[in-house]
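**Student:** As a plain string of letters, each chain reads:
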Amino acid sequence: MKTVNLIGLALGLLLLLVGCDQPQVSRCESCHAGLELASPSHLDCVACHAGDATTDDKKLAHRSMLGPRNPSEPASWEKSCGSCHQDQLTRVKTTLMTTNRGMLHNIMATWEGPQEQAFSAQPVIGFDADGQPLELTGIGSVDHLSAELYRKFCALCHVGLASKEVYAASHAAGCAACHFPYNEVATYQGDDPTVRGKWGYSASHQMAILPDNQVCARCHNRSGRIALSYEGLNDGNNGLVPSRDGLPGPEMISGARNITQITPDIHHQKGLECIDCHTAREIMGDGFSYRNMYQQTEVRCEDCHGSGQQAPQTVAITRENDPVLRESRNYPRAYPLGSEMVQTSKGRNFSNLARVAGQVQLQGKRDGELHLSKVITGTPEHQIVGHERLACSSCHSQSVAQCYGCHTQYDRSALGEDFILGRKTPGQFSETEDIRQLYPFPLALDQRGEIAPVTPGCQTFVTVLDEAGQPEQQETISRYRGKRQLRFAPFFGHSVGAKALRCESCHGDPRFLGFGQQVARLDGSLEPLVRCECNPDNPLDGFLRLDQGQLTAPAAVTRENSRPLQAAEIKKIWQVNLCLICHRDPKDVIYQQKLDFTRLDAGLAGAGGTR
Amino acid sequence: MLVWLALAALDNPLSAAESCSDCHPVALAAPHAELACQACHAPDQATAHAQGGPGAAEACVGCHAEMAGIFQHDMATRAPERAFVAASFGQHDAQFFNRNCQGCHVSSCRDCHGSGHQVRRPDTATCLACHKGGAVGWDYLGRAPREDSLRYQRGPKAQGEHYLTMRPDVHAEAGLSCADCHSKRSLLTGRKSSHSCVDCHQPDPKIIEHSIAQHLEKLECYACHSAWSPQEYGSFYLQMIDSPARDYFYVRQNPRSDTIKSAYLKLQQEPPLGWNQRGRLSPMRPFIGYFSRIVAGEPEGEENRLVTASWQAFFPHTIRRGTAMCEGCHANPRRFLHEPPQERVYRPDLDGLKLESFWNQTGQQLRNGRFLNQDELAALESKSPAYIKAYIQKWQSFIQHVAP
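Protein chains in written order, with my numbering: chain A, 1 to 611; chain B, 1001 to 1404.
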C-alpha cells in the first residue's frame, strides 16, 4: 500500500514537472471566463503567467505572476516564453529589433557620438557576426546628444519596450510585441469581461504565431516607412486632406500624419505579406549580433527571381531537425523531408519557398496561397554588359520615400521623456522638415558595391537651445568622415514594380545620379535648383555637383564601401545615351557585349554628322 | 490711422485759424515736398477730417489723371479671379470670393506707392506683398511655398509665410526688379509686361536647341528656360462651421473666413507644358480644387467635391540660362499630362479625388489654351533623323566637358 502511494506520488510529481495538462484545480477561468486560448498548445495559464491558480483570492492568485500583464517582457521572458523556447529567446535577445544596435551605430556615426563600442538599447552579452563573444553597452549610460536622441526619439520602437500611447504605433514589450499584437488604441477587445476595454493590452489573448503586416507597421511607419510604402501608403505631406466624414483624412496614423495612396509594391498586389519574404532568422535574429540591418537580412530579390547569370538555388531537406520542418508546421502546407527548398543569400533554407515541378513556388505563410516566382535568369535585359553592379531595386523601384532636410531642435529648457531611463529629463527634441519626394530617386554605390537607390539618411541640421531657450548652436551639420556634410543612405524602398524604369530615366535624367533637380548649362554645369539653406550652392536634394565639368560630392553616402558615382562612371552612363537614342530596346544585342568606343565614334559620326 | 479716427470722432474741434501742421507735423518728401496739404486732402478741415484719412485715390488722380486707369486693371477689379470663382467655388458657396479672396487687391495708390507724404517707386518687395505663395512673384526670388502642415513650417519667412529656398530667376540675381519688365505704362494699357524676352535677347543659333526651327516656332522661350515652378496638386477648401476638427489644420487658417485651406501635394519641379493662346508651348499650372462644407462635424452634401480641375498657361519667373536635357520633354510624357497609367506613383483615384492621375488629361482642361493631344505627343517623342542628330550633338557637347 505504502509502495503504491509512493509510486502514485512519484507519478503525480512527474506529471507536474512535465506540466502539459491544465491543472485540475485551476481557478483562473472562474474570473477570466471567455479569455481566448493563446494557442492549442498553450493551455496552462500558470506555465506562462506563473501566479497561483489554486486560489479564488485575486490578490493571492496574482501576487507571483510574471509581468503581471505581459509575462513575455524582458524582465521575465526567461521564465515565461524562454522556459520552453530557449533557442528563439537567445536569438531575440541580440536581434537588431531588440538591441537596435544598427540604429545606434548609425546615429553615433552621424551625430558625432562615441563609435568605439557597440551599443544596445539595454546592456546584453552575445556573439558578434564572426562568432566572437561580444558585450553590447547599454545606451542608457551614455551622456551624449546622440544617445539622448535615441532614448527620446527612436527607443520607443525597440522590441524590449512597451508603448501604448501612440495611435496605430503601440506594441507590447518582449515576445508579445509581435506575437500578441495591439490594435490601434492598445486596447483588449476579446471575450474576457474582466479585461475587455482595458488599455495597454493586446487586442486578443490569441497568439499571433505568424504576425500580419499590421504588426510590422506598428514600428516600420517612420523614417524609411517601408511598411507604408509596401502597401501603397504615403504620409508625404500631412495636409490632412481629403477629409473623411468631416475629420482629417483620408486615414490617420501616429503623429497627426495622414496617409494617402500611392502604387503599392507588386508583391503586396500579389498578396504577399512581410513575413513571406522576411525569414524568422532575419526578424528574430540568428544568434549573432550584427552591426547593421543589411547584415542580418538574408532575403535578396535574386533568391526567388535569380540573377542574370544564376538561377535560384535549392537544397533538399535531409535532416529531421531542419527548421523548415518545424516552422512550416504552422503554415497551411507543411514541407516534408526531401523538399527542395530555395536558399537565402546566406545559403540557408527559406521555410516557405520550394522548387516544385521545376518552378520556384512561394507559399503565403498565413494563407497558404501558392505563388510562382518569375525567374529572370538568362534574359537579355538582365545581362546587359555594364549592369553587373546594378541592384534589382535600381530599375524595379517605383518610388523611394525621401525626406529632405531634417531640422532637429534640442531644447534644454523643456523636459523630454527618456524612454530608456523611464523618466523625464531636461532636453526635448522636436523636428521639422523641408520636402518629401517619391520619384525620381538617386542611385549610388551601396555597402555591397552595388548601384542601388539611396535616400537622405540623414540630412540633420541641429539646433540646440540653452536653459533660457536661447540658441547655443543653430542649424549645424554634423561631422561625418571628418567633414561637415549631409548624408544619404542606401535604402530599399519596398515599392517594387514588375515593370522596370525606362532606360532613358536613369541615363538621361541626372536626378537619378544624385544631382537633384537642376538645369544643364552649355559649359558642362548642372545648376542645382533646390538650395541647401546653409550652403546655397549645394543641392538639398542631391549629393553631387557638376561645375564646368568638375564633379564634386558635397554630401556623403553612409555605410562602408558606399559612395556617390564618380566622374568616369557618370561619363559612361551618359555616353550610353548615344546608343539608346537608336537602340531603344534593352534586349538589343548590342547591349550584350562591351561597348567598342572606336566603332561607336565611327557610328556616331554617321548618325550625328553627314547621314 | 487710429489717431485719425480718434480725431475724426472729436467732430472737428479745431478752429479755422489753426494750420494742419500745428497738429500734424508731417514731413513731406520729394516729389511732393512743395505741396500744400489741401492739394491732396480736402480743402477744408471739416471735410478732410470727415473723410477719416488722407490720400484717397481721387486725390492722386486729381493731378495724375492718366493713372486713373489702374483702378480698372485686374489688380483692382480682380475680374478674372471673380469670374473663375463664380464659375467654380461660388457654385458651392456664394460668399466664397468675399470670404476668402479679400487679401490682395489694389484699392489705393498707397498700396504700391506707400505713404502719400513720402511716395516712392514700388520695388520688388512691394509687388511681392500680393504676388506671393504659389503665385508668380515669390518664385522670382527663389521662394517656393511649403506644404500645408506644421511639420514643414520652418526656415526663412516672407509676408508671414515660411518658404523653401529655391534658385531665383537669373534676372533677380542680376538686380532687375519687377518694374524693369513690368512698367507702369504696360500695366495701364493692360499688357502683361513692357518687355518680352526677345526685346533684350536674341536666340543664338549656334546653340543646338536654338538651331532647331520647330523650337523657335513652337516654344515660348520660357518653356525651356523656366527652371521650376511651384505646383499644388489638390487644393482643398473646407468650410468648417461649428466643427472643432478645424483646429487640426494648423497652418492655413484665415481668421476672416470660416473656410480653411489645405493641400494634397506640393511640388517645385519643372513645370508641365501645354499650348497657350499664342499657339506656343508654355508652362502651365494646375488648380485642382475641392470643396467641403462641414457643419457640426458632419459633411453637408458631398465631401471633397471636385470643383475645378483646370490648368492655366503662364510664365513662371524662374528663368535660368540652363535648361533640361532633351529627355526633359522628348521622353517625359508626364510633363504633357500623358502619364502612362502603369507609371503612376500618386493615386488620387484611390483616395476618391475623381482623377486617374494629376498628370492625365481626363477630366481636366487648360483654361487659356489646350493640352497636347496624342498625335502631337507622338510627334514629340518620335526619333526622326534630325532629332537623333541634334540629340547626339547635344549629349556629346555636354559630356565632353566632364573631366574624368
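Please note that a few of the clues may not be correct.
No more than 30 Å apart at the CA atoms, straight line, and that leaves these computed lysine-lysine pairs for DSS-like [stated by the list, open to error]:
id, chain 1, residue 1, chain 2, residue 2
1, B, Lys-1354, B, Lys-1383
2, B, Lys-1192, A, Lys-594
3, B, Lys-1184, A, Lys-587
4, A, Lys-374, A, Lys-346
5, A, Lys-571, B, Lys-1206
6, A, Lys-572, B, Lys-1354
7, B, Lys-1394, A, Lys-571
8, B, Lys-1389, A, Lys-587
9, B, Lys-1157, A, Lys-594
10, B, Lys-1394, A, Lys-594
11, A, Lys-587, A, Lys-572
12, A, Lys-499, B, Lys-1383
13, B, Lys-1184, A, Lys-572
14, A, Lys-572, B, Lys-1157
15, B, Lys-1354, A, Lys-499
16, B, Lys-1394, A, Lys-587
17, B, Lys-1192, A, Lys-571
18, B, Lys-1184, A, Lys-270
19, A, Lys-572, B, Lys-1383
20, A, Lys-571, B, Lys-1157
Calculated directly from the structure, the hints in this document are not laboratory data.
**Student:** For every hint, state whether the structure bears it out.
**Tutor:** Hints, one by one, checked against the model:
Our distance criterion of 30 Å between C-alpha atoms is broken by B:Lys-1354 and B:Lys-1383, whose separation comes to about 35 Å. A threshold of 30 Å between alpha carbons decides the hint, and for B:Lys-1192 with A:Lys-594 the separation of about 55 Å lies outside it, so the pair is violated. Restraint check for B:Lys-1184 and A:Lys-587: not satisfied, since their Cα atoms lie roughly 60 Å apart, outside the 30 Å limit. Proximity of A:Lys-374 to A:Lys-346 is assessed by CA-CA distance (about 21 Å); at most 30 Å being required, the pair is judged to hold.
Restraint check: the Cα-Cα separation between A:Lys-571 and B:Lys-1206 comes to about 24 Å, which is no more than 30 Å; the hinted pair holds. With a C-alpha separation of about 44 Å, the suggested pairing of A:Lys-572 with B:Lys-1354 is violated against the 30 Å cut-off. Annotation: proposed proximity of B:Lys-1394 to A:Lys-571 holds, straight-line Cα distance about 14 Å (limit 30 Å). Proposed proximity of B:Lys-1389 and A:Lys-587 is supported: the alpha carbons are some 23 Å apart, at most 30 Å.
Restraint check: the Cα-Cα separation between B:Lys-1157 and A:Lys-594 comes to about 53 Å, which exceeds 30 Å; the hinted pair is violated. Using a Cα cut-off of 30 Å, the hinted pair B:Lys-1394 and A:Lys-594 holds, with the two alpha carbons roughly 24 Å apart. With a CA separation close to 19 Å, the supplied pair A:Lys-587 and A:Lys-572 stays within the 30 Å bound. Restraint check for A:Lys-499 and B:Lys-1383: the C-alpha separation of about 23 Å stays at or below 30 Å, so the hint holds.
Distance hint between B:Lys-1184 and A:Lys-572 is unfulfilled; the C-alpha atoms sit about 52 Å from each other, more than 30 Å. A threshold of 30 Å between alpha carbons decides the hint, and for A:Lys-572 with B:Lys-1157 the separation of about 43 Å lies outside it, so the pair is violated. Distance hint between B:Lys-1354 and A:Lys-499 is fulfilled; the C-alpha atoms sit about 26 Å from each other, no more than 30 Å. Taking the CA atoms of B:Lys-1394 and A:Lys-587, the gap is near 26 Å; set against the 30 Å cutoff, the hint holds.
The straight-line distance between the Cα atoms of B:Lys-1192 and A:Lys-571 is roughly 43 Å, outside the 30 Å bound, and the hint therefore fails. In summary, the hint linking B:Lys-1184 to A:Lys-270 is not supported, as the alpha carbons are separated by about 63 Å, beyond the 30 Å threshold. Only pairs whose Cα atoms come within 30 Å are accepted, and A:Lys-572 paired with B:Lys-1383 is accepted, the gap being roughly 22 Å. Distance hint between A:Lys-571 and B:Lys-1157 is unfulfilled; the C-alpha atoms sit about 40 Å from each other, more than 30 Å.
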